[in-house]
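Chemist: Chain by chain, the residues run as shown.
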Amino acid sequence: MLRDVKITSEGYEIILTPTYTGCPAMGIIEEDIKRTLNEKGVFPVLVKLVYAPAWTTDWMSDEAKEKMRKYGIAPPLHSSCSSMFAVKNKIACPICNSTNTALISQFGSTACKSLYQCNDCKEPFEYFKCH
Amino acid sequence: MIMTQEEALYKYCLRLGDNALIHSQRLAEWCSNAPFLEEDLALTNLSLDMIGRAQSFLKYAAELEGQGKTADDLAYRRSERQYYNNLLVEQPNGDFAFTMTRQLFVSVFEMLFFEALKKTANDMIAAISAKTLKEVRYHVAHAEDWVIRLGDGTDESHFRMQKAIDELWMYTGELFEMDEVDKVLIMNGMAIDLESIKPEWENYISNVLEQATLDMPKDIYMQTGSRKGIHTEHLGHILSEMQYLQRSYPDATW
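Line order of the protein sequences matches chains E and B. Under this note's numbering, the first residue of the first sequence is numbered 1, with each subsequent residue one higher. Under this note's numbering, the first residue of the second sequence is numbered 1, with each subsequent residue one higher.
Heads up, some of the hints might be wrong.
The list that follows gives simulated cross-link-like pairs (lysine-lysine, DSS-like), each with its CA atoms no further than 27 Å apart [claimed, not checked]:
no.	chain 1	residue 1	chain 2	residue 2
1	B	Lys-69	B	Lys-59
2	E	Lys-122	E	Lys-67
3	B	Lys-59	E	Lys-6
4	E	Lys-48	B	Lys-59
5	E	Lys-48	B	Lys-69
6	B	Lys-59	B	Lys-228
7	B	Lys-59	E	Lys-34
8	E	Lys-122	E	Lys-70
9	E	Lys-34	B	Lys-69
10	B	Lys-198	B	Lys-119
11	E	Lys-40	E	Lys-6
12	E	Lys-40	E	Lys-67
13	B	Lys-119	E	Lys-48
14	B	Lys-198	B	Lys-183
15	E	Lys-48	B	Lys-118
16	E	Lys-67	E	Lys-90
17	B	Lys-118	B	Lys-183
18	E	Lys-70	E	Lys-90
19	E	Lys-67	E	Lys-34
20	E	Lys-65	E	Lys-90
21	E	Lys-65	E	Lys-48
Covered, in the sense of this in silico footprint (three residues per stretch, anywhere, with C-beta under 8 Å from a C-beta of chain E), are these stretches of chain B [what the hints assert, rightly or not]:
no.	region
22	53-59
23	128-140
Ranges of calculated distance between the beta carbons of each label pair, as one might list FRET restraints [what the hints assert, rightly or not]:
no.	chain 1	residue 1	chain 2	residue 2	range
24	B	Arg-247	E	Gly-72	42 to 48 Å
25	E	Val-50	B	Gln-67	20 to 26 Å
26	E	Asp-120	B	Met-222	50 to 56 Å
27	E	Thr-36	B	Asp-155	57 to 63 Å
Since the hints were made in silico from the structure, they are not lab data. Just so you know, these numbers come straight off a predicted model, no measurement behind them. Each residue gets a CB set at the ideal place from its N, CA and C atoms; glycine is no exception.
The shape of chain E in the complex, shown without the other chains (with noise of 0.2 Å):
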């Protein structure tokens, strides 16, 4: 998400691409970014959002995945949108690893992420969904 940060002469610029339109965790990640660096001693701070290029699921790193795997979200799967609706992609579950899942709906709690449950563990999972 965070595409540029530029030192000028009105202060430090952040700039971010938005994931998803109506992200509402949007506002909180600005104002964690201005609080965290004038905590350091660094303002003012302006952050800047920048739609284009739009965001994809592709800028995400393998390092961010596994995270978000460990954390219990299944991280996506593909990185080209015409295999998006391809439910018939076994998406392993983030607990046990079983490619046994079900997908339950395409919307979760929130709008990045689908929800699953793993017909072996029993456990339900959302999976972030290609963007």
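With the hints as your guide, set chain B onto chain E.
Modeler: Coordinates of chain B only, in the frame set by chain E:
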């Protein structure tokens, strides 16, 4: 007096923002009222996608207007005749069949529309369009799934689906209406000719309805007016609910 590009662009962004905003309001009415939990999440997720889109377009519109307004000012302080959303999105939710029919008609249109609009000469609109297209594809998939399942379902679900399609059909023509705003922007490569996506829309809808064992309505008189800010009786009620807080407490801030 020919409209200037700035004025046309401003009105265009209002139209695109309002389409998303009013539709999101309708979908939000399903919150805690949907047939089951997963559908409650689905409908409100769709609504949230649209709110994000409305924010993007209305923020840009406010910038174009250059009077220091914010997206919130445009959303909460305009009245019905200043809104330019399509009549289709302000229609009541009705039953679930109605909501999904409206969703199908609108989302298929938006998928084709934003696919074409991605190539606009205006960078901001191109960026928002690219973003929107990714989200709208999921909306189409959702509506299509339900229309097929309900159409090719029980006697009751089939009856309700056909009723919804027949009753909402008269609002679909307006989706493709163009006025002075479109004319000016098409000339500058900033907007698209809506007639060019109409055949594909009709084709797509026809395919879905066929799979759903539903009848495609015949061409009839199409409702119109929103390009001029003239709406059905429903918009006033939607706005009075949506704008209640801001109108009661004009100085309220978060």
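Chemist: If a hint holds in the structure, say so; if it doesn't, say that too.
Modeler: Each hint tested on the structure:
For a cut-off of 27 Å, the pair hint linking B:Lys-69 to B:Lys-59 stands: about 8 Å separates their Cα positions. At roughly 22 Å between alpha-carbon atoms, E:Lys-122 and E:Lys-67 fall within 27 Å of each other, so this suggested pair holds. Distance restraint check for B:Lys-59 and E:Lys-6: the Cα-Cα separation of roughly 23 Å lies within the 27 Å cut-off, and the hinted pair is therefore satisfied. The suggested pairing of E:Lys-48 with B:Lys-59 holds, with an alpha-carbon distance near 13 Å, which does not exceed 27 Å.
Between E:Lys-48 and B:Lys-69 the CA atoms are separated by roughly 18 Å; this keeps the pair inside 27 Å, and the hint holds. A hinted pair counts as satisfied when its Cα atoms are at most 27 Å apart, and B:Lys-59 with B:Lys-228 qualifies at roughly 22 Å. Straight-line distance between C-alpha atoms of B:Lys-59 and E:Lys-34 comes to about 22 Å, which keeps the hinted pair within the 27 Å bound. Distance hint between E:Lys-122 and E:Lys-70 is fulfilled; the C-alpha atoms sit about 18 Å from each other, no more than 27 Å.
The hinted pair formed by E:Lys-34 and B:Lys-69 meets the criterion: a straight-line CA distance of about 24 Å does not exceed 27 Å. Proximity of B:Lys-198 to B:Lys-119 is assessed by CA-CA distance (about 18 Å); at most 27 Å being required, the pair is judged to hold. Between E:Lys-40 and E:Lys-6 the alpha-carbon distance is near 17 Å, which keeps this suggested pair within the 27 Å criterion. Restraint check for E:Lys-40 and E:Lys-67: satisfied, since their Cα atoms lie roughly 26 Å apart, inside the 27 Å limit.
For the hint pairing B:Lys-119 with E:Lys-48, the CA-to-CA distance comes to about 24 Å; that is within 27 Å, so the pair holds. For the hint pairing B:Lys-198 with B:Lys-183, the CA-to-CA distance comes to about 17 Å; that is within 27 Å, so the pair holds. For the hint linking E:Lys-48 to B:Lys-118, the alpha-carbon distance of about 22 Å falls within 27 Å, and the restraint holds. For the suggested pair E:Lys-67 and E:Lys-90, the alpha carbons sit about 20 Å apart, so the restraint of at most 27 Å is met.
For a cut-off of 27 Å, the pair hint linking B:Lys-118 to B:Lys-183 stands: about 18 Å separates their Cα positions. For the hint pairing E:Lys-70 with E:Lys-90, the CA-to-CA distance comes to about 18 Å; that is within 27 Å, so the pair holds. A distance of roughly 24 Å separates the Cα atoms of E:Lys-67 and E:Lys-34; the hinted pair therefore holds under the 27 Å criterion. About 17 Å separates the Cα atoms of E:Lys-65 and E:Lys-90, which keeps this hinted pair within 27 Å; it holds.
Restraint check for E:Lys-65 and E:Lys-48: satisfied, since their Cα atoms lie roughly 25 Å apart, inside the 27 Å limit. Chain E is given as covering the region 53-59 of chain B, and this holds because 3 residues of the stretch bring a CB closer than 8 Å to a CB of that chain, at least three being needed. Taking a C-beta to C-beta cut-off of 8 Å, the region 128-140 of chain B contributes 8 residues in contact with chain E, enough for the three needed, and the coverage statement holds. Distance hint for B:Arg-247 and E:Gly-72: a CB-CB separation of about 43 Å, consistent with the stated range 42 to 48 Å.
Here the CB-CB span from E:Val-50 to B:Gln-67 is close to 24 Å, well matched to the stated 20 to 26 Å. Distance hint check for E:Asp-120 and B:Met-222: the Cβ-Cβ separation is about 53 Å, which falls inside the suggested range of 50 to 56 Å. About 60 Å separates the C-beta atoms of E:Thr-36 and B:Asp-155, a value consistent with the hinted range of 57 to 63 Å.
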